[in-house]
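Student: Order-wise, the sequence lines are chains G and R.
Per the numbering used here, residue 220 is the first one in the first sequence, and the count goes up by one each step.
Per the numbering used here, residue 124 is the first one in the second sequence, and the count goes up by one each step.
Calculated directly from the structure, the hints in this document are not laboratory data.
Certain hints may be false.
Examples of chain G residues toward chain R, derived with CB under 7 Å [stated by the list, open to error]:
no.	residue
1	Ala229
2	Val233
3	Ile234
4	Leu235
5	Ala238
6	Leu240
7	Leu241
8	Pro252
9	Val320
10	Leu338
11	Phe359
12	Ala453
13	Trp457
Label-pair restraints from in silico Cβ distances [as the list claims (entries may be wrong)]:
no.	chain 1	residue 1	chain 2	residue 2	range
14	G	Gly452	R	His370	35 to 45 Å
15	R	Gln193	G	Ala267	52 to 62 Å
16	G	Gly299	R	Gly328	29 to 39 Å
Every residue, glycine too, gets a C-beta built ideally from N, C-alpha and C.
Chain by chain, the residues run as shown.
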Amino acid sequence: MSACEWLLAAITCVILYPAALLILSGPRLFTRPFWADETLSWLIASDADFSHAMAALAGGVDTNAPILHWIYRCAGNAFGHSPLTYRVVSAVAMSLGVLGVYDSLRRFALKLPSVAGTLAMVALPIVLSHTTEVRFYGYFLTAAVWTCYFVDRRFDRPTVANAMAVGASSIALCGTHYFGSLVVGCIAMFALCRARSSGICRAIDSVWPTALGAATTLCLLPLLVTQRQALAGAGGTWVPITSWRI
Amino acid sequence: MGPNHFLENLTTSISLLVPTGAAFILGAILALTPIVHRSSECEDTPAPSTQLWSLALLPVVMIAFDRLVQPVLVARYMIPSVAAVSALVCACVGPIPRRVQLGSIGALAVLFVSGSLALRARIEDPDPRSGMGVLAQVPIDDLPIVVDWRGHLLPIWAVRPGQRDRIVFLDDPWLTHPDLDRSIPFEREMVRIMNRFYEFPKTIGIYELSRMNRFRLVTEFPESAKQRMGDMSVVDRSPLTFVVERHPGSANAR
Numbered sequence: 220m221s222a223c224e225w226l227l228a229a230i231t232c233v234i235l236y237p238a239a240l241l242i243l244s245g246p247r248l249f250t251r252p253f254w255a256d257e258t259l260s261w262l263i264a265s266d267a268d269f270s271h272a273m274a275a276l277a278g279g280v281d282t283n284a285p286i287l288h289w290i291y292r293c294a295g296n297a298f299g300h301s302p303l304t305y306r307v308v309s310a311v312a313m314s315l316g317v318l319g320v321y322d323s324l325r326r327f328a329l330k331l332p333s334v335a336g337t338l339a340m341v342a343l344p345i346v347l348s349h350t351t352e353v354r355f356y357g358y359f360l361t362a363a364v365w366t367c368y369f370v371d372r373r374f375d376r377p378t379v380a381n382a383m384a385v386g387a388s389s390i391a392l393c394g395t396h397y398f399g400s401l402v403v404g405c406i407a408m409f410a411l412c413r414a415r416s417s418g419i420c421r422a423i424d425s426v427w428p429t430a431l432g433a434a435t436t437l438c439l440l441p442l443l444v445t446q447r448q449a450l451a452g453a454g455g456t457w458v459p460i461t462s463w464r465i
Numbered sequence: 124m125g126p127n128h129f130l131e132n133l134t135t136s137i138s139l140l141v142p143t144g145a146a147f148i149l150g151a152i153l154a155l156t157p158i159v160h161r162s163s164e165c166e167d168t169p170a171p172s173t174q175l176w177s178l179a180l181l182p183v184v185m186i187a188f189d190r191l192v193q194p195v196l197v198a199r200y201m202i203p204s205v206a207a208v209s210a211l212v213c214a215c216v217g218p219i220p221r222r223v224q225l226g227s228i229g230a231l232a233v234l235f236v237s238g239s240l241a242l243r244a245r246i247e248d249p250d251p252r253s254g255m256g257v258l259a260q261v262p263i264d265d266l267p268i269v270v271d272w273r274g275h276l277l278p279i280w281a282v283r284p285g286q287r288d289r290i291v292f293l294d295d296p297w298l299t300h301p302d303l304d305r306s307i308p309f310e311r312e313m314v315r316i317m318n319r320f321y322e323f324p325k326t327i328g329i330y331e332l333s334r335m336n337r338f339r340l341v342t343e344f345p346e347s348a349k350q351r352m353g354d355m356s357v358v359d360r361s362p363l364t365f366v367v368e369r370h371p372g373s374a375n376a377r
């Protein structure tokens, strides 16, 4: 992919995609009030006392990993802790994920199929509705996509820079959501299966930096444990038991 | 929410499960074939073998996690798997003629536009049970607001700073609902945790309600509102809100 094409893709994904949403879905998409879970993100990110915010997070006010709260905190301190600020930050994050999908597809496919694949993702209702959501899912998707992208790159060119990129994206993935470690597992398993014909050493070499993601989850384990303990009296989760009745 | 009828609830599940299921099958095939780079240097071989396929494994892993550890089957928890849908569409569109490819892109663009417009409609006319829907049902006035569901309380609290001192959470230990057996204790516990760190929301017991002469009840359980308020007068105002008044001489809410 040429630099010119990449620039065009970046402009389309990071500027035109949120702009299209703004036009089609209306400005209230970015200014609408928080719903319940979003209020929790805002409450912790806008807490004037950082250590109190982290204590509240550990105490179960929100039951997620902390990176996203830090991102909102930085953005809120710079531009104000308003729905608009938080939703724009979320939209930028999701847009970077869309760009990552295009870049990933483009490494292996031609332009038109890559555009179609990218467009198929952004047309999904779940992606549209989470683009401006002040929760974890846009970042989660973005971090997963970029981890995939950098694993592909690392497989092609096993440089230190690519290893660092895989490591950093894995840390972002696991620091955004606890299920990031499951995603890292999927990525590593697929990479090992896919690359077996090129030799197991090369396959391992392309995915070992994702271990930093798993290490991040280990580092967050005390936080997860205290959150789980705080909610022990309520069964630990609101998610109902799954029924497979059709 | 009761049992999580994940397969039954096709509107939330089908857009994720069906394409990722297909992506999983195709991804498994590709995982077992060697990597072939097919970028612009090889214009005639457009089948992708990108790492994005790996994300189609996520629903499978999550289903195993759900069975073995704890319930987790919520569509948004699996959102990374939508990237595998991209790889699937890319692989399907790759081999077809250029004109059909352009047609597919046009069709997908129409899907994007219609999805965005549907999102606009949901924002402008929110579901009455959603946070924004509830917010629209609560007028700005001097009545105390008693809310029995944290999901309704938080948006009102966040958006209406002028009414914060009049918003209370109804902590009702007898509250039950066959579909919300896990959510009700979870919500009550979350309110206690929030109180510990942020000293809000204020809570009120069901018997303390009888000391209030008049208040606005915002409830997740409108069907049982009148019964729960005992001999107080309950007037419907909107799907989830009621104005509750004590009859002269009545002592208890239950």
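Student: Work down the list of hints and note, for each, if the structure agrees.
Tutor: Checked hints:
1. Ala229: Since the shortest Cβ distance to chain R is 17 Å, the answer is violated.
2. Val233: Violated - the Cβ of Val233 of chain G stays beyond 7 Å from chain R, reaching only about 16 Å at its closest.
3. Ile234: violated, 16 Å
4. Leu235: For Leu235 of chain G, the interface hint is violated, since the closest Cβ of chain R sits about 12 Å away, which is over 7 Å.
5. Ala238: violated, 11 Å
6. Leu240: holds, 6 Å
7. Leu241: violated, 10 Å
8. Pro252: holds, 5 Å
9. Val320: At 5 Å from the nearest chain R Cβ, Val320 of chain G passes the 7 Å test, so the hint holds.
10. Leu338: holds, 4 Å
11. Phe359: holds, 6 Å
12. Ala453: With Cβ-Cβ at 3 Å, under 7 Å, it holds.
13. Trp457: holds, 4 Å
14. G:Gly452 / R:His370: 35 to 45 Å: Hint holds: Cβ distance 37 Å, inside 35 to 45 Å.
15. R:Gln193 / G:Ala267: 52 to 62 Å: Because 34 Å falls outside the window, the suggested range is violated.
16. G:Gly299 / R:Gly328: 29 to 39 Å: holds, 38 Å
The structure fails hints 1, 2, 3, 4, 5, 7 and 15 (numbered hints given earlier, in ascending order).
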